[in-house]
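Chains as they are written, first to last, in this note's numbering: chain G, 32 to 488; chain H, 32 to 488; chain C, 32 to 488.
It should be emphasised that the hints constitute simulated quantities derived from the structure, not laboratory data.
Quick caveat: nothing in here was measured; it's all calculated off a predicted structure.
Glycine included, each C-beta is placed from N, C-alpha and C at the ideal position.
Do not rely on the hints blindly, as some may be mistaken.
What the hints assert, rightly or not - Where chain C lies over chain H, by a calculated footprint (3+ residues, C-beta under 8 angstroms): (1) 94-104; (2) 323-333; (3) 336-347.
What the hints assert, rightly or not - Simulated restraints on C-beta separations: (4) G:Pro59 <-> H:Arg405: 33 to 39 angstroms; (5) H:Ile320 <-> G:Gln92: 55 to 61 angstroms; (6) C:Arg137 <-> G:Asp43: 56 to 62 angstroms; (7) H:Gly403 <-> G:Asp181: 34 to 40 angstroms; (8) G:Leu363 <-> H:Arg405: 49 to 55 angstroms.
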Amino acid sequence: MMRSLLSGQLDDCGIGEEIFALAADMYPVCRSITGNGVRDTLRRLQRHVPLDTHEVPTGTQVFDWTVPREWNIRDAWIKNAAGERVVDFRASNLHVLNYSAPVHARLPLAELKQHIFTLPEQPDVIPYRTSYYAERWGFCMAHNRLMELDDGVYEACIDATLQDGSLTYGEFLHRGETDDEFLFSTHICHPSLANDNCSGLALLTCLAERLARLKTHYSYRFLFVPGTIGAITWLARNSEAVRRIRHGLVVSGVGDGGGPTYKKSRRGDSLIDRAMAHALQRGAPSSSILDFFPYGYDERQYCSPGFNLPVGMFQRSRFGTFPQYHTSDDNLDFIKPAHLAESYRMICAALDIVEIDCRPRNTMPQCEPQLGRRGLYGTVGGPGPGDSMALLWVLNLADETNSLLDIAERADMPFAVIAEAARRLHASGLLIGPDAADHRKRKIQAIDGLTRAASGA
Amino acid sequence: MMRSLLSGQLDDCGIGEEIFALAADMYPVCRSITGNGVRDTLRRLQRHVPLDTHEVPTGTQVFDWTVPREWNIRDAWIKNAAGERVVDFRASNLHVLNYSAPVHARLPLAELKQHIFTLPEQPDVIPYRTSYYAERWGFCMAHNRLMELDDGVYEACIDATLQDGSLTYGEFLHRGETDDEFLFSTHICHPSLANDNCSGLALLTCLAERLARLKTHYSYRFLFVPGTIGAITWLARNSEAVRRIRHGLVVSGVGDGGGPTYKKSRRGDSLIDRAMAHALQRGAPSSSILDFFPYGYDERQYCSPGFNLPVGMFQRSRFGTFPQYHTSDDNLDFIKPAHLAESYRMICAALDIVEIDCRPRNTMPQCEPQLGRRGLYGTVGGPGPGDSMALLWVLNLADETNSLLDIAERADMPFAVIAEAARRLHASGLLIGPDAADHRKRKIQAIDGLTRAASGA
Amino acid sequence: MMRSLLSGQLDDCGIGEEIFALAADMYPVCRSITGNGVRDTLRRLQRHVPLDTHEVPTGTQVFDWTVPREWNIRDAWIKNAAGERVVDFRASNLHVLNYSAPVHARLPLAELKQHIFTLPEQPDVIPYRTSYYAERWGFCMAHNRLMELDDGVYEACIDATLQDGSLTYGEFLHRGETDDEFLFSTHICHPSLANDNCSGLALLTCLAERLARLKTHYSYRFLFVPGTIGAITWLARNSEAVRRIRHGLVVSGVGDGGGPTYKKSRRGDSLIDRAMAHALQRGAPSSSILDFFPYGYDERQYCSPGFNLPVGMFQRSRFGTFPQYHTSDDNLDFIKPAHLAESYRMICAALDIVEIDCRPRNTMPQCEPQLGRRGLYGTVGGPGPGDSMALLWVLNLADETNSLLDIAERADMPFAVIAEAARRLHASGLLIGPDAADHRKRKIQAIDGLTRAASGA
């Protein structure tokens, strides 16, 4: 019955550096919600995992939304009267309002300023701004640079195309022993922002690469999708797969030293919520567990009431609360291998719980079994501090109503210690698991029931 | 579906002054649980609302009680040997033990003192005392005045009658779209005490006057009844109306600057409990929400286990906790138009919730609808601070299991903001309400079930 | 309906001294899990209550355990080269590793030390150590005495036998009006340790002696059993009696001045849990209420998942947390009559709740009954501080869904005050109890349901 912990098999000592290197590799690419930046990035990920890419044509209806036109950009600049580039896309792709309409015009500074976004409170950084669903053109730049510009006429050029094409996303499925799925999702639409979200793309790719080598209970699906429209597109096209999702996690911004932060699913008490809370609270004293709120990343879509999926969100510093957020300061100096490795390990600790958790049964439930003669107990005096108490807790609560996570929480012990105690008791014949097939069936019925209730079906 | 807020239609800028003026008008009248003081007061209220008066004969059995004799008083005094009034009913009707038996006697000071109530700890105020159910005669006076009296013989006269007659109460019903009722109840038995309870009588009269002009979902019943025996009498005579009560509020002492205080119904989690708690906690940082206890005003009767009605109690300072309570210092200086207006507005805020609350349904529950093209969302960046988040909260939770108040509480936003978001979404076709008839039917069944359970039926 | 409080009948002013005297009487006896020490102790208890003794032969299988051999000891010592006893069983029976194998050997100090247990951190006390299930021989002594020993050869002798025989335990049943049982259990296996557990043995004996004279609702069973193996043996041989247990308490270490401590049953919300918590929180500001954990005394067996009995544990200082624990400092100076009496009274207060608690019904549930004319209420002003409020609380909540303990908790009043109010209301005809037979039947069904669920039946 007892499965071994995934985390021991998934981890390796250079994981932080490996994630960092992959993030650094994709950092320069100018991504948006559509276009070649996404395709280029997915090709880089494919060197690690054999993910599929999907192209969904412009104009496709996806629920209340329409797949937008494809955006591609070659160059962009603002030149002064002397013909010098005072703003240059080649220096930073943040200089262009992401998904900006093309433009080539000469116009006085006063008029140009209406198309320029700055952050007066952080005057030396370039802000990241987008305009996906209202067509406009624009530039972003450091406020101090804007202040230095002389009056006069400027030449503004955004050499981009905004045409029918397709929306691109990547998908990788690792098949486990069952069709029940764990969904990982992250957004691939941000240009050169290291934490948000080269870090998430790289971490999930490295995790997928390692999971692919293991035998798991769940099947693991990884989505690399443009924010909002990408998740909506996937949900609209995959109603069958959606029904198989038992747990999920949106991952982004996992390379800085803040947090860690877990935002619960709309349900608030699903296993992924409890597993992530357990992993974070045990693993990081500075962790924050947030209740669900309907703003943020693509958990907004997965947790919309018609789906109500058990999908939470994991990141380090909470988005929007740190000065580097959505600016040119979110660069490769802002993320560190050590933070990436820690984020990776917390996710693995939660996966352990999701993979292993079950409601075992004590085979000798009347009185305590004699642990001493089985070599599970000291012979003079009582139990030692950790291990023996874990054995006693598992035996006492293993009545098929308590899961291993329930036991860990009531015992106030790490899940891994309880799981190890369960493994030892199982090896001694004192503990059995529920029938696996039955277990799965019951799980599916329970989750389907909730989903149907939420969607009003 | 979405009803507009009542409070906007009910409020006007002079409401505090208007309530104060009415309270001041009735302040001099000497009321008791029966008699002409109640009738006089009801006539003053009838200038504002066409309330019915009821007369219930002495001796009528009402549950475990019997309607008592009618008490009327013309004059009362204590004269010293020189024939001077040292205690004079004409100066303050608090000087007479309320409902005192008549007396005319000459007696030495030592003997007289056995019939005199004072407050030695507040030696300059006249206490308010009653003796309804044990026949006795008595006077109340300032302790310092009593101390000044010389020994000697005094003439004590209470020129009152205590005879068969009737108990009088007032009742006004504003008919709403449904027969389901909201009950307002306040006591009319106290003599010249401004806060307790000229303030409550005046506030409810002004509220009734305004509600009568509006189209409401609920029917609103206002009771102006003598404390305890009046509420018991009404309950005993109105078993049909009792079954229609869905929410209710006992109101008294609403003119001082303390509190505000809301005492929950015996149920503790009925809509009026949640609505008042929401209104007070949002509207006044100094508010107190008290759990039910079986002592206080007429909520004792409405919340007796055989009725167990969802009726709470609203006042400012909690009764019995301030020095003016039940003394001559509870005069017109103690209540202020500003406090009366604030009390009125809090009640209106709770009425908004009771009238409007429902469990709406998102018509596009799969993923978020595209708010931008409906003009409900900013086009660059995310939602603004208040409004857009309210739209997202309503959309996310509108699955027919969450009411607007549930949503407001989970979102930690004022009900009015959530209600306005619901109105906008309804106008855009993104939200529908439950079928009104069904809704009401279900509500009635739920409440009847609880009432039957509590009464052991 | 209303039963009178037990505690008034059980208590007497010399109870602390009486318990102390009995504890002192048995203190010198060398007990172990088997042998004549247990038999001798039970004979001393039989002078107070006519308890039965049971002998269960060595080798009897009891669930996962086997009844061990019988241990009897005559003498033990370590002599130095001069033939002087440097360790002497006659001075303290703690000097022998309890249940030690016999030995008679000459051996150098270095080798002898491997058989000696001391407490270096408390160098002047003799520790108490056992070795029941791994055969070994050994001595215990003060660390400082060990340090004083010269090198050289010593003669070690433990003149004991470890042979087939039987395990002995005592049992006393006081029959109440019903077969439903309250189980008291305490361990009888410790040698000269005054608090742990001469105190518990003595307290329960004195309680049994007094209960036996009274008419009670429950039958009370008292077990005086060797720790772990004794409780397991009783459970294995008494499956019928086990099914009748409705409440229970393991009692030990009740003579010191710490705590008091109550450790909840595995269920956590059974009546004994609530009753003990109420008694301790009302009776001792320094009390601790602990959640269940699967280590401690014989509640481990009673609360194993196959039984899941509503049995908690009561003691003063929590075991293992005070320096006298399991040392020669746990002597007759460590326990005091005053503490023993207080412990006794807390148990009696909980028994009051268990015996009396019921879900009464207000016979006049519509509005308040008129308490004044029944002499239950003051006639001028409102209720006095304690009593009248208790009457109002009982009347308000007596709807057959709230028990007296529920009412006491909601009213935040002592159970005894609520019970007295119920008694007065019952005497006035305002309160009736549920049908007793029905009540009991429902209780049994509820508890059986829980037990079956926990045992997987």
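Structure-based check of each hint:
For the segment 94-104 of chain H, the proposed coverage by chain C is satisfied: 3 residues have a C-beta within less than 8 angstroms of a C-beta in that chain, meeting the threshold of three. Counting residues of the segment 323-333 of chain H whose CB falls under 8 angstroms from any CB of chain C gives 5; the rule of at least 3 is met. Three residues within the 8 angstroms Cβ limit are the bar, and the segment 336-347 of chain H against chain C gives 4, so the coverage statement holds. For G:Pro59 and H:Arg405, the hinted distance range of 33 to 39 angstroms is satisfied, since their beta carbons lie about 37 angstroms from each other.
Distance hint for H:Ile320 and G:Gln92: a CB-CB separation of about 49 angstroms, inconsistent with the stated range 55 to 61 angstroms. A C-beta distance of roughly 59 angstroms is found between C:Arg137 and G:Asp43, which places it inside the suggested range of 56 to 62 angstroms. About 37 angstroms separates the C-beta atoms of H:Gly403 and G:Asp181, a value consistent with the hinted range of 34 to 40 angstroms. Hint check: G:Leu363 to H:Arg405, Cβ distance near 40 angstroms, so the stated range 49 to 55 angstroms is violated.
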